[in-house]
Amino acid sequence: MDGIDTRTLVFEPQKANDFKGKVDPDWCAGCGDFGVLNSLRKSCLDLGLKPHEILTVSGIGCSSNFPGFFNSYGMHTLHGRSLAVATGAKMANHELNVFVTGGDGDGYGIGGNHFTHTARRNVDLTYIVMDNEIYGLTTGQLSPTSSLNMKTKSSPYGSVEYPFNPITSAIMNGATFVARGFSADTKHLSMLMQQAIEHKGFSLISIFSPCITFNHDNDLAFFKPRIKKLEDEGHDTRDWKSACEKAMLWGDTIYTGLFHHVKDRPALHEAEPILEKGGAISNRTLGLNKEQTKRIIDRMM
Amino acid sequence: MSSEQFDFSLAIGGAAGQGIATPGNILARMFTRRGLSLYAYNAYQSIVRGGHIFLTMRINRQAIYTHGDSLNMLVCLNQDTMDRHSSLMKSGGCVIYDSDKITPGELATDVQLCPLPIKELSNKSRNKVIQNTIALGAINYLVGLEFEVLENSLNLQFGRKGDAVVRENSTAALAGYEFAKENFKAYPEPLPTGPKPLALWTGNEAMAMGGAAAGVKFYSAYPMSPSTGVLHWMAQNARELDIMVRQAEDEIAVANMIIGAAHVGARAMCATSGGGFALMTEAVGAASMMEIPAVFINVQRAGPSTGVPTKTEQGDLWQALGASQGDFERLIVAPTDALDSFNVIPELFNLCDEHQCPGIVISDLLIAEGTFSADPDDLNLNPKINRGEIVTTSKSDASDEEYLRYKITDSGISPRALPGLKGHVHVVATDEHDQDGVLISDEYTNPHKRRRMVEKRARKIADITDKIKAPTLEGDTDAEVTLIGWGSTYGVIKEAIEQLTEKGVKVNHLPIRWIVPFHSKEIIEIVENAKHTIIIENNYSGQFYRYMRSETGLSIDGHIRKYDGEPFMPHHIVDSVLEQLDGKTNHSVPVQEIMV
Chain V
1 MDGIDTRTLV FEPQKANDFK GKVDPDWCAG CGDFGVLNSL RKSCLDLGLK PHEILTVSGI
61 GCSSNFPGFF NSYGMHTLHG RSLAVATGAK MANHELNVFV TGGDGDGYGI GGNHFTHTAR
121 RNVDLTYIVM DNEIYGLTTG QLSPTSSLNM KTKSSPYGSV EYPFNPITSA IMNGATFVAR
181 GFSADTKHLS MLMQQAIEHK GFSLISIFSP CITFNHDNDL AFFKPRIKKL EDEGHDTRDW
241 KSACEKAMLW GDTIYTGLFH HVKDRPALHE AEPILEKGGA ISNRTLGLNK EQTKRIIDRM
301 M
Chain R
302 MSSEQFDFSL AIGGAAGQGI ATPGNILARM FTRRGLSLYA YNAYQSIVRG GHIFLTMRIN
362 RQAIYTHGDS LNMLVCLNQD TMDRHSSLMK SGGCVIYDSD KITPGELATD VQLCPLPIKE
422 LSNKSRNKVI QNTIALGAIN YLVGLEFEVL ENSLNLQFGR KGDAVVRENS TAALAGYEFA
482 KENFKAYPEP LPTGPKPLAL WTGNEAMAMG GAAAGVKFYS AYPMSPSTGV LHWMAQNARE
542 LDIMVRQAED EIAVANMIIG AAHVGARAMC ATSGGGFALM TEAVGAASMM EIPAVFINVQ
602 RAGPSTGVPT KTEQGDLWQA LGASQGDFER LIVAPTDALD SFNVIPELFN LCDEHQCPGI
662 VISDLLIAEG TFSADPDDLN LNPKINRGEI VTTSKSDASD EEYLRYKITD SGISPRALPG
722 LKGHVHVVAT DEHDQDGVLI SDEYTNPHKR RRMVEKRARK IADITDKIKA PTLEGDTDAE
782 VTLIGWGSTY GVIKEAIEQL TEKGVKVNHL PIRWIVPFHS KEIIEIVENA KHTIIIENNY
842 SGQFYRYMRS ETGLSIDGHI RKYDGEPFMP HHIVDSVLEQ LDGKTNHSVP VQEIMV
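These protein sequences, in sequence, are chains V and R.
Under the numbering used here, the first residue of the first sequence is numbered 1, with each subsequent residue one higher.
Under the numbering used here, the first residue of the second sequence is numbered 302, with each subsequent residue one higher.
Derived by calculation from the structure, the hints in this document are not laboratory data.
There could be a bad hint or two in this list.
[Unchecked claim] Short derived list, chain V residues pointing at chain R, Cβ under 7 Å:
1) I4
2) A84
3) N93
4) G109
5) I110
6) H114
Just so it is clear, CB atoms sit at the ideal spot from N, CA and C, and this is done for glycine as well.
Given these sequences and hints, build the entire structure.
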């Protein structure tokens with residue numbers, strides 16, 4: 001009756017596979033998300049992170065099933081709301097490493113408002129978006145990043161909408177670490193992830209993670225010849241204008257790598273005065289002391 | 302104004318921007334420092350300048366809960382106020398107004414007219430709100446207080462603005478005081494005093510303080526009238542009390558942020574009004590599904606949609622009941638006044654923590670923005686805190702028994718482990734999941750597991766009525782009429798009953814506070830033994846009546862409803878009860894006589 005195999009989680013990972021979750025992914029064979037999952041496992045191992053020190057928060061969608069496949073505390077929240085939940089969790093316990101995982105529909109569509117403001121606030125989260133330019137779990141409709149003229153079940157005659165650009169949007173909204181990855185290049189992706197996790201502030205890695213089942217326009221064959229790494233071109237990550245220009249390219253050349261990096265802006269929890277001392281707010285003593293009680297009542301008199 | 306039956310109502314009316322709040326605040330503090338009980342209701346509109354603002358303040362030696370039916374003193378800052386409200390004046394009262402600009406309206410025969418020549422008294426001051434201070438001086442004389450009482454209050458109010466401002470106000474107040482002394486007749490008996498100074502607060506402040514007392518460490522909000530007072534208090538006190546306060550981009554973010562904070566172990570709360578609560582409802586269900594305790598406050602205003610943003614209503618009951626899809630565990634409580642709003646927050650947090658589910662508070666503009674006095678000795682800022690079952694010991698050996706976040710137990714309650722604790726790593730999910738947190742919703746769907754998880758969550762609150770005080774009948778059990786209300790109508794029904802008793806009608810009161818759980822058994826017993834029952838609520842469709850009927854099968858003899866944006870005044874209920882007892886109708890909709 002209990003038809004699903006679950007594994008016992010490893011407390012102290014010694015190899016990347018020790019970051020496997022209780023169950024294996026339910027993704028289609030050949031899905032780009034496998035590359036992303038493997039890269040994150042390797043990054044965490046290389047950084048020496050412990051599963052209980054990580055909270056991975058996701059929304060809803062194929063890629064949002066991620067926390068179940070990864071060995072860390074996880075929250076599989078509502079569609080589009082992962083960044084809001086993660087902000088609350090990070091601010092209440094800033095000692096946790098908080099990762100947010102999800103897809104283009106979840107993060108750039110229904111969750112677009114939170115994307116804007118989480119970037120602006122510079123919440124210290126590592127936001128990993130698996131962008132497949134399609135709605136996969138609902139069997140193939142337009143997503144905010146679907147290309148102009150793309151034919152899907154909800155745009156059978158071709159889309160007339162211009163796609164959302166996560167990289168330029170994140171830069172414009174004040175994100176302090178903005179990168180793009182490609183799921184088929186896990187070595188490069190792990191490098192970006194490690195930098196993103198170590199960055200204090202909001203970091204976005206928007207990853208081309210092709211959907212093998214529903215997106216036949218932007219598949220591996222489409223990306224492979226076009227992708228060039230910024231690191232190979234001597235890009236200055238402080239130059240946001242050049243970063244935006246390069247992020248806009250969508251032709252023979254499509255860049256991956258770290259577009260923009262601001263190192264001197266404090267993360268939200270670093271800027272919040274009540275966290276200057278006393279540790280995580282979630283661990284503090286509840287209730288009011290005599291002095292606080294007296295002050296509250298005095299002000300009412 | 303015999304001190305035995307001392308009951309005094311004073312109102313100040315004008316346009317937004319004429320500065321009514323400041324003299325209102327000064328007077329309220331003067332009265333409560335003398336130990337007098339106070340309730341103040343401000344009728345206002347959603348504009349920053351213009352329109353009509355009408356602040357009614359009532360003082361008494363006993364605790365009071367409503368602004369009453371009529372006025373002893375009216376301060377008109379514009380002609381509009383005179384025209385709209387002079388009919389409220391009781392005989393023996395007095396009307397204060399700027400004789401340069403305002404002509405008196407029709408008044409009861411022995412109402413004293415107190416015209417103030419503002420231009421002359423203000424000594425050509427350019428300060429547009431100085432007329433308020435002059436009026437304060439006159440009020441001070443008329444109620445028989447020494448000038449020093451007002452002078453001290455002005456010092457407290459304006460002290461931080463510097464000596465010049467204090468001096469200007471003191472001079473103006475004295476001019477008003479002296480003019481009144483020469484030209485008007487003071488009340489024969491001066492304002493009485495109570496046994497000890499009282500405190501002042503609004504229902505919103507009370508809920509914020511209740512949160513602070515309960516140990517709220519994370520508060521989030523998006524500004525929305527009439528709930529914003531909670532945010533203001535929290536923001537003002539955050540640093541001193543170690544509370545993380547976050548203003549979010551919308552109410553969806555608010556609700557989800559508090560869920561994130563609550564999941565890692567902080568007591569987390571938010572407040573909004575109906576429109577914002579609509580945006581939060583999916584998250585309420587998420588908290589229920591993930592079994593995360595958090596408190597959501599809905600301060601109701603007149604709906605639907607944007608509705609009447611600055612007016613009161615009890616119109617969101619079914620919205621709260623239906624605040625998520627599916628069957629979901631949550632608690633819902635409707636406090637009755639400011640003190641109850643304060644006490645209910647720690648009570649609700651303890652229940653939510655213990656039963657690992659969200660809690661909803663339904664307040665409304667009437668009590669949330671209403672100003673109440675409070676006996677400081679009644680305020681327990683150190684209530685009992687019960688966080689429920691939380692695992693605190695880490696595990697170092699993976700061969701130990703596996704931690705199951707949603708372990709099936711007899712009580713349905715599974716001990717929580719908070720992120721950060723070694724050896725208890727798990728995923729919480731809004732998808733249906735098994736005891737180990739693994740999803741069963743998609744390809745793994747298993748009807749047997751699904752059923753046992755639904756039943757596990759439901760068991761958590763199946764017997765919760767036993768832990769919560771059931772509603773009881775207030776007053777004579779042998780009454781000829783039983784009035785039933787919920788939440789904020791408590792005070793006005795109580796006062797209407799006093800008036801009905803004076804008229805020789807025997808009436809008792811069944812006030813309801815807890816909506817979920819609902820004490821059906823106790824309520825059925827009371828209602829079945831009542832001779833004549835009338836439900837009173839501030840909405841059109843009888844939302845509470847329909848809910849009570851669905852939970853109990855009970856029918857009710859009569860209804861009194863009001864849905865014009867203004868709260869009930871005691872006489873609305875008295876007149877409606879009398880007409881129903883006369884057999885004229887079983888459905889009364891009292892007319893709001895005062896245009897505010």
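Hints and how they fare:
With a least beta-carbon distance of about 5 Å to chain R, the hint placing V/I4 at the interface is held under the 7 Å criterion. Taking 7 Å as the C-beta cut-off, the interface hint given for V/A84 holds, the closest approach to chain R being about 4 Å. Taking 7 Å as the C-beta contact cut-off toward chain R, the hint placing V/N93 at the interface holds, the least distance being around 4 Å. A least Cβ separation of about 14 Å between V/G109 and chain R goes past the 7 Å threshold, and the interface hint is therefore violated.
At a threshold of 7 Å, the smallest CB-CB gap from V/I110 to chain R is about 10 Å, leaving the interface hint violated. Checking V/H114 against chain R by beta carbon gives a least distance of about 6 Å; that is within 7 Å, so the hint holds.
Violated hints for the displayed structure, listed by number in ascending order: 4, 5.
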